[in-house]
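Q: Could you slot chain A onto chain L? The hints should help.
Chain by chain, the residues run as shown.
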Amino acid sequence: MINLITIEWMKLRRLVTMKIILVIYMLLVPSIYLLLSQVNIFGWTFPDTIWKFPESYHFAAYISSWFNLLIGMIIIVFTTNELKYKTQRQNMIDGLSKGSIIMAKFYVVIGFTVFITIYTFFIGFIFGVINGDISDMFDGIHQIGAYFIETLGYFSFAYFFANMIRLPALAIILYLLSTIIEAIAGSIAFQEYVQFLPLTTFSKLVPIPIIPTGGDLEMIWGQGGRTILALIYVLVFVFISYKVIKRRDI
Amino acid sequence: MAETVLEIKGLSKKYKKVGAVSDLNLKVEKQMIFGLLGPNGSGKTTTLGMVMGVIRPSSGTYSWFDNGEKDANRKRIGALLETPNFYPYLTAVQNLEITAKIKEITNVAGEIEKVLKAVDLWERKDSKFRTFSLGMKQRLAIGATLLGDPELLVLDEPTNGLDPQGIAEIRQLIIEIGKSGKTIIIASHILDEIEKICTHCAILKRGKLLQVSTIDELIGNRDVSLIEVGTDDLNELKLIVDSDDSISIYKEGDGTLILSCKSGTKASEINQYFFDKGIVLSHLVKFQESLENQFLAIVNK
Chain L
11 MINLITIEWM
21 KLRRLVTMKI
31 ILVIYMLLVP
41 SIYLLLSQVN
51 IFGWTFPDTI
61 WKFPESYHFA
71 AYISSWFNLL
81 IGMIIIVFTT
91 NELKYKTQRQ
101 NMIDGLSKGS
111 IIMAKFYVVI
121 GFTVFITIYT
131 FFIGFIFGVI
141 NGDISDMFDG
151 IHQIGAYFIE
161 TLGYFSFAYF
171 FANMIRLPAL
181 AIILYLLSTI
191 IEAIAGSIAF
201 QEYVQFLPLT
211 TFSKLVPIPI
221 IPTGGDLEMI
231 WGQGGRTILA
241 LIYVLVFVFI
251 SYKVIKRRDI
Chain A
2 MAETVLEIKG
12 LSKKYKKVGA
22 VSDLNLKVEK
32 QMIFGLLGPN
42 GSGKTTTLGM
52 VMGVIRPSSG
62 TYSWFDNGEK
72 DANRKRIGAL
82 LETPNFYPYL
92 TAVQNLEITA
102 KIKEITNVAG
112 EIEKVLKAVD
122 LWERKDSKFR
132 TFSLGMKQRL
142 AIGATLLGDP
152 ELLVLDEPTN
162 GLDPQGIAEI
172 RQLIIEIGKS
182 GKTIIIASHI
192 LDEIEKICTH
202 CAILKRGKLL
212 QVSTIDELIG
222 NRDVSLIEVG
232 TDDLNELKLI
242 VDSDDSISIY
252 KEGDGTLILS
262 CKSGTKASEI
272 NQYFFDKGIV
282 LSHLVKFQES
292 LENQFLAIVN
302 K
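Protein chains in written order, with our numbering: chain L, 11 to 260; chain A, 2 to 302.
Calculated from the structure, these hints are not laboratory results. These numbers were taken from a predicted model, which means no experiment stands behind them. Ideal Cβ positions, reconstructed from N, Cα and C, are used throughout, including at glycine. One thing to keep in mind: the hints can contain errors.
Now the stretches of chain A that chain L is said to cover, found in silico as 3 or more residues with beta-carbon under 8 Å [stated by the list, open to error]:
1) 82-96
2) 236-243
Straight-line distance between alpha carbons at most 20 Å, and here's what the computed EDC-like set of lysine to aspartate or glutamate pairs gives [to be verified]:
3) A:K76 - L:E18
4) A:K102 - A:D127
5) A:K17 - L:D259
6) A:K267 - A:E229
7) A:K10 - A:E30
8) A:K15 - L:D259
9) L:K253 - A:E70
10) A:K183 - A:D246
11) L:K253 - A:D72
12) L:K96 - A:E83
13) A:K18 - L:D259
14) A:K76 - A:E152
15) L:K29 - L:E18
16) A:K252 - A:E229
17) L:K108 - A:E70
18) A:K10 - A:E70
19) L:K96 - A:D24
20) L:K94 - A:E83
21) A:K239 - A:D277
22) A:K206 - A:E194
23) A:K71 - L:D259
24) L:K256 - A:E70
25) A:K183 - A:E4
26) L:K108 - L:D259
27) A:K102 - A:D72
28) A:K278 - A:D246
29) A:K197 - A:E177
30) A:K102 - L:E18
31) L:K96 - A:E30
32) L:K108 - A:D72
33) L:K96 - A:D72
Bound-form chain L, shown alone:
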C-alpha cells in the first residue's frame, strides 16, 4: 500500500494541471468566505454568527463544497491521463495487478479528501478564532467530519466516471452533467427519490447553513443515515470500477 501511494505521488506531484486547479481552489474558498461579509442585499446581510464557532466550520465546509467539482476534475484528469498516455497499460506490464491499479487511484481520492478536509478545517478554525474565542473551537466540529464523507463521496464519483469512461473530455462533461441533472431533478420533483441518489446524498451531508432543516435531533439522525448511505455508494463505485477493469483489455 505504501508502495502504491509513493508511485501515485511520484506521478501526481509534477502534474501542472493539478497544481493550478489546487491553487485556484485554495484561493477561492477563503476569498468567497471573506467576501460574504460584504454582501448587502437591500440592507440584508449575513448574520455575524457565520464567522464564529460553531457556525464557522459549517459555513467553511458549505462554501468548500461548491468547489469540490474542481478537485473532482483533477481526479478525472489524473486518472484518464493513465489511459491517454497508455501508462496504465505500462504499469501493468511492469507488474502491477488490476486490483492495485484500482486501489492506487482510490488512495489518491482518499488523499485529496484528507487534504481538502484539513484545509477546510483550518479555514473554519481561523475565522472562528479571529471572530470568537478559541475555547469554543470544538463546537460544531462534527460538520468537518460530515464534510469529509461528503468530499469522499464526490471524489469517488469523479473517480468512478474516470474509470468507466476512457475519454477524458467525455468523462468531465458527463460528471458535470450528472451533477446538474440531479440538481434539476431534485428541484422540480421526485424529491423523495432524488434524496437517495448519490450526489444529493453527499451534498445533504453538509446542509445549507442558516436555513433551518428541522431541528438539531433530526439533522444529526439525517447525517448519520446519510453517512452510511454515502459510504455504501463509495464502496459500490470502487467495486464496479474494479469489476469493469477486470474484464477490460487494458
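A: Relative to chain L, chain A alone:
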C-alpha cells in the same frame, strides 16, 4: 532439460468473432532468443499482450517461470509492447524511477544511470519525455526494460522508429544481452532482424502458428544442396543439366544458375563433374536460401 520460461497452451483471442490469435501453443526455454515473426496483423502483439496480462485471452492459459499467470511474475520481466509509454511531463529519470518502484528494484540511481548510458540517453536524463524524438522515446523504452537486470526481456518491434545507426546499436545491444545468458522474446516483422538476433523462431500468420524451429533449421532445412554456378556459355551448361536426372535447375540467377543437387553434394564434386564434361566454371558457390525466401515460402503455402 532446460528450464521453461514461458509455456503457452491453447491461447486464443477473439475480437467480435474475428480470431486475432487462435489456439496458440508455444514453449520458450531459458537462454533462447526467441523470435515471433509474422506480417503486420498476424497476432504478435496480441499474443504478447495476453501473456503480459493486459489483454484478456478468450481461452487458453500461459505460465511464466512455471509459476502460472501471477501478476508478480511480470516484475521479473523487462517488457516493451508496441509503443513507448511514459508520462510526458516527467523527465527520463523520473519516468524510470516510477518503473523501478513498480518493479521493486533496489539501487535505483545506479540502475538508472547504467541503463540510460546503455541506450545513449544519459545526456538527456533530465529532459522531459515529451521533448524526445521518436527514436529517443523508443530507446528510453528499451532502457526501461533493462532496469534491474531482468532475467527475461520481451520486446515487441524494438527497433521501430529508429534510424539505421540506432537500429544497429539496439540490435548489437540485444545480441550482447543474449550472449550474457539472458532469455529474450522478440516480435518483429523484419526478417533480417530475427535472422541476425534470434536462435529460435515461430512464424505466425493470421493468428495461427505456422512453424517453430531454430533459425539454422529454418534457413538450412532442405533435403537438397543448392549450388550456384556460372560459366561463359550458360546454354551449354543448361543442356548438360537437362540431360542429367540427378541435377536440376532451382533458379536462374543473373548470369548464373542455381542448381539443386543431391543433399550433401560438395562444390568440388560439381566442379569436377562439369570439368569432365568440358566446361570450366567461372563461378561456384554454395547457395544459402535467405530467411526471407523461406518465410515467404512458408507463409504462402
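Q: Take the hints in turn and mark each one as holding or not.
A: Here is how each hint holds up against the structure:
no., hint, in the structure
1, 82-96, "holds (count 9)"
2, 236-243, "violated (count 0)"
3, A:K76 - L:E18, "holds, 18 Å"
4, A:K102 - A:D127, "holds, 18 Å"
5, A:K17 - L:D259, "holds, 13 Å"
6, A:K267 - A:E229, "holds, 12 Å"
7, A:K10 - A:E30, "holds, 15 Å"
8, A:K15 - L:D259, "holds, 12 Å"
9, L:K253 - A:E70, "holds, 19 Å"
10, A:K183 - A:D246, "violated, 49 Å"
11, L:K253 - A:D72, "holds, 17 Å"
12, L:K96 - A:E83, "holds, 11 Å"
13, A:K18 - L:D259, "holds, 16 Å"
14, A:K76 - A:E152, "holds, 10 Å"
15, L:K29 - L:E18, "holds, 15 Å"
16, A:K252 - A:E229, "holds, 9 Å"
17, L:K108 - A:E70, "holds, 13 Å"
18, A:K10 - A:E70, "holds, 12 Å"
19, L:K96 - A:D24, "violated, 28 Å"
20, L:K94 - A:E83, "holds, 15 Å"
21, A:K239 - A:D277, "holds, 15 Å"
22, A:K206 - A:E194, "holds, 18 Å"
23, A:K71 - L:D259, "holds, 17 Å"
24, L:K256 - A:E70, "holds, 14 Å"
25, A:K183 - A:E4, "holds, 12 Å"
26, L:K108 - L:D259, "holds, 11 Å"
27, A:K102 - A:D72, "holds, 15 Å"
28, A:K278 - A:D246, "holds, 15 Å"
29, A:K197 - A:E177, "holds, 12 Å"
30, A:K102 - L:E18, "holds, 11 Å"
31, L:K96 - A:E30, "violated, 30 Å"
32, L:K108 - A:D72, "holds, 9 Å"
33, L:K96 - A:D72, "holds, 18 Å"
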